[in-house]
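S.K.: Protein chains in written order, with this note's numbering: chain A, 1 to 188; chain B, 1 to 597.
These are computed hints drawn from the structure, not numbers from a lab.
Honestly, I wouldn't trust all of these hints.
Said to hold, decoys possible - Quick list of in silico lysine-lysine cross-link-like pairs, BS3-like style, CA-CA up to 30 Å:
1. B:Lys487 x B:Lys501
2. A:Lys185 x B:Lys77
3. B:Lys537 x B:Lys286
4. B:Lys562 x B:Lys588
5. B:Lys597 x A:Lys173
6. B:Lys33 x A:Lys185
7. A:Lys184 x B:Lys220
8. B:Lys537 x A:Lys185
9. B:Lys216 x A:Lys173
10. A:Lys184 x B:Lys493
11. B:Lys588 x A:Lys184
12. B:Lys411 x B:Lys360
13. B:Lys111 x A:Lys173
14. B:Lys220 x A:Lys185
15. B:Lys32 x B:Lys111
16. B:Lys360 x B:Lys555
17. B:Lys340 x B:Lys220
18. A:Lys80 x B:Lys22
19. B:Lys162 x B:Lys487
20. A:Lys185 x B:Lys562
21. A:Lys184 x B:Lys33
22. A:Lys184 x B:Lys17
23. A:Lys173 x B:Lys562
24. A:Lys173 x B:Lys220
25. A:Lys184 x B:Lys360
26. B:Lys340 x B:Lys351
27. B:Lys477 x B:Lys493
28. A:Lys80 x B:Lys78
29. B:Lys78 x A:Lys173
30. A:Lys184 x B:Lys78
31. B:Lys162 x B:Lys353
32. A:Lys184 x B:Lys216
33. A:Lys80 x B:Lys21
34. B:Lys353 x B:Lys562
35. B:Lys588 x A:Lys173
36. B:Lys411 x A:Lys185
37. B:Lys22 x B:Lys32
38. B:Lys27 x A:Lys173
39. B:Lys166 x B:Lys487
40. B:Lys17 x B:Lys27
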Amino acid sequence: MKEIKDKMIAQINAAFPEAVNKAYDGNRLDFTVHKDAIPGFLSHMKDQLGFRHLSHIAYVDWIEENEFELVYLLWSPTDKVKLFVHTRIDRENPVMHNIDMIWRQANTYQREIKEMLGIDFPDMVAPDEFILEDWDDIPPFRRDFDTLEYVNRTFWHRPGREDAQDVRETISKRSGEEIPDFAKKYSR
Amino acid sequence: MSFFDLQGTLKPLTALKQFGKKPHTLKDIPWKKREASDNYRGLHFNDIDECIGCGNCSTICQNAAIDMIHLEGVEGKKGDSGLRPRVDNGRCCWCALCVEVCPTGSLSLTKDYIYVTEDPDAFLWTPGISNPDGEERKSYVSTHELSLNHFNRIPMPELEGKERIKSFAEVVLGYNEEQAREEASRCISCGICTEVCPDHMHIPEYINAIAAGDDKEAVKIIYDNNPLPEMCGKVCTRRCEDVCAIATRGDSVAIRWLKRYATETAATADITHEIVNPEIREANGKTVGIIGAGPSGLTAAYYLALRGYDVTIYEASAKAGGATMYGIPKYRLPIESLEKQIGYIQSIGVKIKFNTKVGKDISFKEIYDKYDSVFMGVGFPDAWPLGVDGDDAEGSMQAFRYLYMINSGEKVDIGDKVVVVGGGNVAIDAARVSRRFGAEVTILYRRRVEDMPADWEEIEGAEDEGIHIIPQGIPTKIHKDEKGHVKAIEYLKAEMVADDKGGRPRPVAIEGSETVLEATAVMAAIGQMGDYSFLPKEFEEKITIERGRFVVNEKQQTGDPKVFAGGDAVNRTADAISAIADGFRACKAIDEYLSGK
Chain A
1 MKEIKDKMIA QINAAFPEAV NKAYDGNRLD FTVHKDAIPG FLSHMKDQLG
51 FRHLSHIAYV DWIEENEFEL VYLLWSPTDK VKLFVHTRID RENPVMHNID
101 MIWRQANTYQ REIKEMLGID FPDMVAPDEF ILEDWDDIPP FRRDFDTLEY
151 VNRTFWHRPG REDAQDVRET ISKRSGEEIP DFAKKYSR
Chain B
1 MSFFDLQGTL KPLTALKQFG KKPHTLKDIP WKKREASDNY RGLHFNDIDE
51 CIGCGNCSTI CQNAAIDMIH LEGVEGKKGD SGLRPRVDNG RCCWCALCVE
101 VCPTGSLSLT KDYIYVTEDP DAFLWTPGIS NPDGEERKSY VSTHELSLNH
151 FNRIPMPELE GKERIKSFAE VVLGYNEEQA REEASRCISC GICTEVCPDH
201 MHIPEYINAI AAGDDKEAVK IIYDNNPLPE MCGKVCTRRC EDVCAIATRG
251 DSVAIRWLKR YATETAATAD ITHEIVNPEI REANGKTVGI IGAGPSGLTA
301 AYYLALRGYD VTIYEASAKA GGATMYGIPK YRLPIESLEK QIGYIQSIGV
351 KIKFNTKVGK DISFKEIYDK YDSVFMGVGF PDAWPLGVDG DDAEGSMQAF
401 RYLYMINSGE KVDIGDKVVV VGGGNVAIDA ARVSRRFGAE VTILYRRRVE
451 DMPADWEEIE GAEDEGIHII PQGIPTKIHK DEKGHVKAIE YLKAEMVADD
501 KGGRPRPVAI EGSETVLEAT AVMAAIGQMG DYSFLPKEFE EKITIERGRF
551 VVNEKQQTGD PKVFAGGDAV NRTADAISAI ADGFRACKAI DEYLSGK
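For reference, chain B alone in the conformation it holds in the complex (with noise of 0.2 Å):
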């Protein structure tokens, strides 16, 4: 090219051809404040209380840029870690995978990208705290269609309602492998659900052990802090759904159903010894007496017999498994579920006096005095009458009393119209035995249906199976045939009064709303208490009880230092993963005071 290059002198001109022709570019600038892009990716933004802190965007982080840190006001409880993310803007390259995999969707990017600053080391960066007001500069939004996490569930495979009621087939079918693979591929193992677990299950791992496919290690994992997770897997409460992070925008992992899984590839109790393999130290000649076989005295026994010692259980009734075995219907947990799990903790050493009640048919005193420690887990065996007009009547019965019969494989007469009072999980379990034995069954509950305590799924599969429910209706009085039999019972309706201590609204009755309901059989499921008539006057003063429950100190040590308790007798959350927690803190309290250690 020359300095005389003509055409290279002449082809700028050209561009003058656009003279007078609508320009392209923005007009109001400089006047105009220059905005970027609605989905440009600048300096981050973080809702600090919508974050839970499960550190998910830390973990993605391929530049290593994110941490997660203690920031002052901000408090760990359940369902928030109390760790918030600090970013180093200076290793940030703004792909932005820290927002699509937010669960909460509380952290964002900004349209701000200039940050003037006199200290040239200031690129620590904590979103939300360098700039509150970048709610208002948003543009990178982990939506729905964006987001990288799968908000939805892998559906339960279940029995139809038609089907359930001709029957006490398992209704849930459980996952097949594939899946159990996609559904744990969900996880996104932040742990904030161990927290609330009461057993402190090892959640994150298990499940990431089943999305590798490794369903062995998953069922070792689960069986080094419970020893009936089958039973969990099945029926547990699962505290830890309720704060599952993916649950904060879609539904949470099936943490229950994933348990369930892992634990029934191990289909009998010589395969699950075979796959836990536990490591049984050697007897270390301590002895360990426990009362009652439930979740909370099979747990302490297990756990105490892998450590060495001579553990023996005394157990009332002729199977195992207390109100597991007893109170939960068949459809929830098949017998031979139960029976699988309990011959595994027999298998290794465990033994089980069954039919032997103490106090009858031998006294705590002997117990006590026979063994180095003693262990009670002796569940709340009795249920709390209506106590209206009537109660006495034939047909008038305990729900808790009606499972127990039934799941003992007695015949009990209810007729073809069953009453049910109660709004919990043993209301709903005695109404939907009740309509497998052909009965029209009407549950009564005092408050609203979205205020009852039992599981969701439970009050949906009984009004699947045709169970009407009448909420804000108290029992008042239950009339009797000549013959002393249920007639029907009567109740008041009730309208929803606020609470003025800001507790949940409370029912109040209305007056002359009397209304009467047709009735063969009354079922009273509103709530059980302890028998504790085994113990001898002399334990009085140190085995203390309180409002209905063994007093216990943080290691389930009663005022006898040789005395631990757990189950429904000591906790108030009375369910089978906190007697289980019982039971495991129990084992290691025990341990404690024998081996002096």
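Chain A with its partners taken away, still in its complex shape (with noise of 0.2 Å):
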């Protein structure tokens, strides 16, 4: 297994030499390359080296970092390697290129990303909702979606649930302890 990765990297070192490889064992290679040459990258590896399979395009929401990334996981079922392709993407511009023309179920990920993430493919060719239907919020797999608010806001509250109690204030109330004011911003 070794040889082949190795000889996997010199490989898509030499084809690609912006890309930046980073070690794993077991038969996992991993590359980051600029989200430009993501098309390219990627039809070069099912061409050239084998990686015939996508398997999925995972991603993360850096907010911290105001940055998308993008995972696409590749597999090769003749060398049983599997390629993870890094890819960062700007939060506040959030275009990708589309790669359907390369895997076609790439057009259903890519349809959840849009509608999850909120990152757009413009010259990808498919309708324009996923799953949800007339939403009107920001995209909910985002970190700044306040999913409990949303929850809130949107559905009632069954009737019998008023005799719920909150832990702290239980305690509090228990043991006489008085919490001031300026400290309950604390409180969970």
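Take the two lone chains and join them into the complex the hints point to.
M.R.: Below you can see the structure in the form of structure tokens.
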């Protein structure tokens, strides 16, 4: 396995000198490339290095760094090697290249990413809505989306739940603790 | 596609090529009942006895599906809020975050996904009560690997045992900022700890402030009801940590060390003043006299002064702090730390008259007549003698007295072989101090090591420093040399006998097991007692003493409505935080009494 991986790394480095490799054990290969290089990089992987299958496109919201990350998970059935291809996208201008002409199933993954994270794929042909109907809030998988607030605003509370208690309040009442107002913002 | 699409008609027939091959599907269907997968996320189950009602499941639920409710037969107690979760299954999306954040591991999801009822509104589900048999059907359970709680405490940096015994340098080095933030973020903010804290400090709030990087706010919150928090941050008995929700399956959050971290960010009394920025009410013309500048007296004084009272403390010793100044060795609580805190208390207007012993330098009656109200925080200044033959030998002393003298800067001749009798913190303190003066030290304790009332870290620390512990030994005699000096201590070995009344096992001496241990000094650390000789006879009727302690009501008030009391001379727990709680309660009661509210 090590020889196969080393050979692949050498081939990828030769073809894409800018791609950054990160070492992993087992049958995992890991590269980070610029987002504009993604279509060329992926089709090269598919056509030249045997990564015929796209397993999934994973996504991460790095809100603190003001970036999104996409991870293309590729699989080579002949060499039994998996390849993770990372790329970062500006959170302020979330636009990414479409790759569904390389793998048809990418169309489905990209529709999900567009709806859940709000990354646009301008040259992708697909219906506007994927799972969410008439969604008018920020994409719900963004980390600044407050799910609980949305839920409380959208759904009514079932009758019979009025007896719910606050744990902190129950305990402080029982012990006679007086929590000062200025401290309450740190209460759960 | 036309109706006569030949390909479409014939293609399905290719499936016939599988004929006769071993099927991939389950064979026994429909005879065998189908089982969900091993980590299936179905209906909730909760082990009601294991659950402590911390409410973390309810807080994490992004669908607001979980309520904490009172259940019949589940009573709140120390370490248990008495509430239990109830799920609205109409909202649950089976994400199982509630299971992943459950600190006790009582909450799980089962393999059950079918629930049939005639009531279309029956969505409210109390796990464990609605499905008592769910225990056997558990599938998605909170293991240590799966749990999102951090069960391991950030280790506290300490001096090494060999380094420690060279000096009185502080053993515990304290968290740095990064360590403190990380440790603070382990807290789940349930607040169960606050109930067992005698002073009911606002623990989740100040820990959250530390986690959020807001140390100054943390200090402010801490000072809301504790004016000696750095002392507590170093030496508190921290019963809070015993009931920490995280401690059910891991190390409790280091509540004491976090308090220490926050208060140490205020390096001087002036900085403390600046951070706490106390609101001091205008003087109301009323006066309060306080006897004893220990934790209870200082606490009552601080909060009364904030409320506009003119407060004067009478202290017999040269320094304030009481047992925390004179009873605790400096390697646990450095003098600068305590003086900083006392300096801050003085800075808001509390007056302390040092070297003024009530009953000798000033009479109780004079204080009683001079002030509108009196608080007594007189502590337990005396220690029990060993009470065995030869107890009067030179070199036989009380550990508490020994610590007092050392902390006052006096020199005490202990020789090179010290035996300390007892198993509490005072015993360990005296032993570790003696070790620092180069003596070989043995602790003799009647029961087993695990029965010792001292903090386990103290016991471990003592062992690290090379102190020998002899458990199950009952001292019977002190041997003297011809000059009347301690030569050895004789003890009987004991066996532990189960107590018929259900108490802890008792040590019973084994006859004929006399053992003699060479010694140059013997220190008794078997308890302290009060000295109430300052109280004139005329007050005896109203200010009563029972079993060595003042009798007070729930407001710390004695039989004389003008006189309040707190600290070791009142409560049975005999620790600093209980004294602080007494002082805080007394302050509120005195305020009520004097303002007529």
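S.K.: Give a verdict on every hint.
M.R.: The hints, checked one at a time:
Taken as a hint, the Lys487 (chain B) and Lys501 (chain B) pair is broken in the structure, with Cα atoms around 39 Å apart against an allowance of 30 Å. Our distance criterion of 30 Å between C-alpha atoms is met by Lys185 (chain A) and Lys77 (chain B), whose separation comes to about 26 Å. At most 30 Å may separate the alpha-carbon atoms for a hinted pair to count; Lys537 (chain B) and Lys286 (chain B) meet this at roughly 27 Å. Taken as a hint, the Lys562 (chain B) and Lys588 (chain B) pair is honoured in the structure, with Cα atoms around 13 Å apart against an allowance of 30 Å.
Between Lys597 (chain B) and Lys173 (chain A) the alpha-carbon distance is near 22 Å, which keeps this suggested pair within the 30 Å criterion. Among the hinted pairs, Lys33 (chain B) with Lys185 (chain A) is inconsistent with the structure: their alpha-carbon atoms are about 52 Å apart, more than 30 Å. For the hint linking Lys184 (chain A) to Lys220 (chain B), the alpha-carbon distance of about 12 Å falls within 30 Å, and the restraint holds. Taken as a hint, the Lys537 (chain B) and Lys185 (chain A) pair is broken in the structure, with Cα atoms around 52 Å apart against an allowance of 30 Å.
For the given pair, Lys216 (chain B) sits about 27 Å from Lys173 (chain A) by alpha-carbon distance, which is consistent with the 30 Å threshold. Restraint check: the Cα-Cα separation between Lys184 (chain A) and Lys493 (chain B) comes to about 55 Å, which exceeds 30 Å; the hinted pair is violated. Between Lys588 (chain B) and Lys184 (chain A), the direct Cα distance comes to roughly 22 Å. Compliance with the 30 Å bound is thereby established for this hinted pair. With a CA separation close to 26 Å, the supplied pair Lys411 (chain B) and Lys360 (chain B) stays within the 30 Å bound.
About 38 Å separates the Cα atoms of Lys111 (chain B) and Lys173 (chain A), which puts this hinted pair outside 30 Å; it is violated. Note on Lys220 (chain B) and Lys185 (chain A): the hinted pairing holds, with a Cα-Cα distance of about 13 Å set against a maximum of 30 Å. Proximity of Lys32 (chain B) to Lys111 (chain B) is assessed by CA-CA distance (about 16 Å); at most 30 Å being required, the pair is judged to hold. Taking the CA atoms of Lys360 (chain B) and Lys555 (chain B), the gap is near 29 Å; set against the 30 Å cutoff, the hint holds.
With a C-alpha separation of about 16 Å, the suggested pair Lys340 (chain B) and Lys220 (chain B) falls inside the 30 Å cut-off, and the hint holds. For a cut-off of 30 Å, the pair hint linking Lys80 (chain A) to Lys22 (chain B) stands: about 27 Å separates their Cα positions. For the given pair, Lys162 (chain B) sits about 28 Å from Lys487 (chain B) by alpha-carbon distance, which is consistent with the 30 Å threshold. Taken as a hint, the Lys185 (chain A) and Lys562 (chain B) pair is broken in the structure, with Cα atoms around 38 Å apart against an allowance of 30 Å.
With a CA separation close to 52 Å, the supplied pair Lys184 (chain A) and Lys33 (chain B) exceeds the 30 Å bound. The hinted pair formed by Lys184 (chain A) and Lys17 (chain B) fails the criterion: a straight-line CA distance of about 71 Å is larger than 30 Å. This hinted pair checks out: Lys173 (chain A) and Lys562 (chain B) have alpha carbons roughly 29 Å apart, not beyond 30 Å. As the CA atoms of Lys173 (chain A) and Lys220 (chain B) are separated by approximately 22 Å, the hinted pair is consistent with the 30 Å bound.
Restraint check for Lys184 (chain A) and Lys360 (chain B): not satisfied, since their Cα atoms lie roughly 48 Å apart, outside the 30 Å limit. Distance restraint check for Lys340 (chain B) and Lys351 (chain B): the Cα-Cα separation of roughly 15 Å lies within the 30 Å cut-off, and the hinted pair is therefore satisfied. Between the alpha carbons of Lys477 (chain B) and Lys493 (chain B) the distance comes to roughly 13 Å, so the proposed pair stays at or under 30 Å and holds. In summary, the hint linking Lys80 (chain A) to Lys78 (chain B) is not supported, as the alpha carbons are separated by about 56 Å, beyond the 30 Å threshold.
Among the hinted pairs, Lys78 (chain B) with Lys173 (chain A) is consistent with the structure: their alpha-carbon atoms are about 14 Å apart, no more than 30 Å. The straight-line distance between the Cα atoms of Lys184 (chain A) and Lys78 (chain B) is roughly 22 Å, inside the 30 Å bound, and the hint therefore holds. Between Lys162 (chain B) and Lys353 (chain B) the CA atoms are separated by roughly 41 Å; this puts the pair beyond 30 Å, and the hint is violated. For a cut-off of 30 Å, the pair hint linking Lys184 (chain A) to Lys216 (chain B) stands: about 15 Å separates their Cα positions.
Of the pairs offered as hints, the one joining Lys80 (chain A) and Lys21 (chain B) holds, with about 28 Å between alpha carbons and a cut-off of 30 Å not exceeded. Note on Lys353 (chain B) and Lys562 (chain B): the hinted pairing holds, with a Cα-Cα distance of about 21 Å set against a maximum of 30 Å. For the hint linking Lys588 (chain B) to Lys173 (chain A), the alpha-carbon distance of about 17 Å falls within 30 Å, and the restraint holds. About 51 Å separates the Cα atoms of Lys411 (chain B) and Lys185 (chain A), which puts this hinted pair outside 30 Å; it is violated.
Between Lys22 (chain B) and Lys32 (chain B) the CA atoms are separated by roughly 19 Å; this keeps the pair inside 30 Å, and the hint holds. The straight-line distance between the Cα atoms of Lys27 (chain B) and Lys173 (chain A) is roughly 59 Å, outside the 30 Å bound, and the hint therefore fails. Restraint check for Lys166 (chain B) and Lys487 (chain B): the C-alpha separation of about 26 Å stays at or below 30 Å, so the hint holds. Restraint check for Lys17 (chain B) and Lys27 (chain B): the C-alpha separation of about 20 Å stays at or below 30 Å, so the hint holds.
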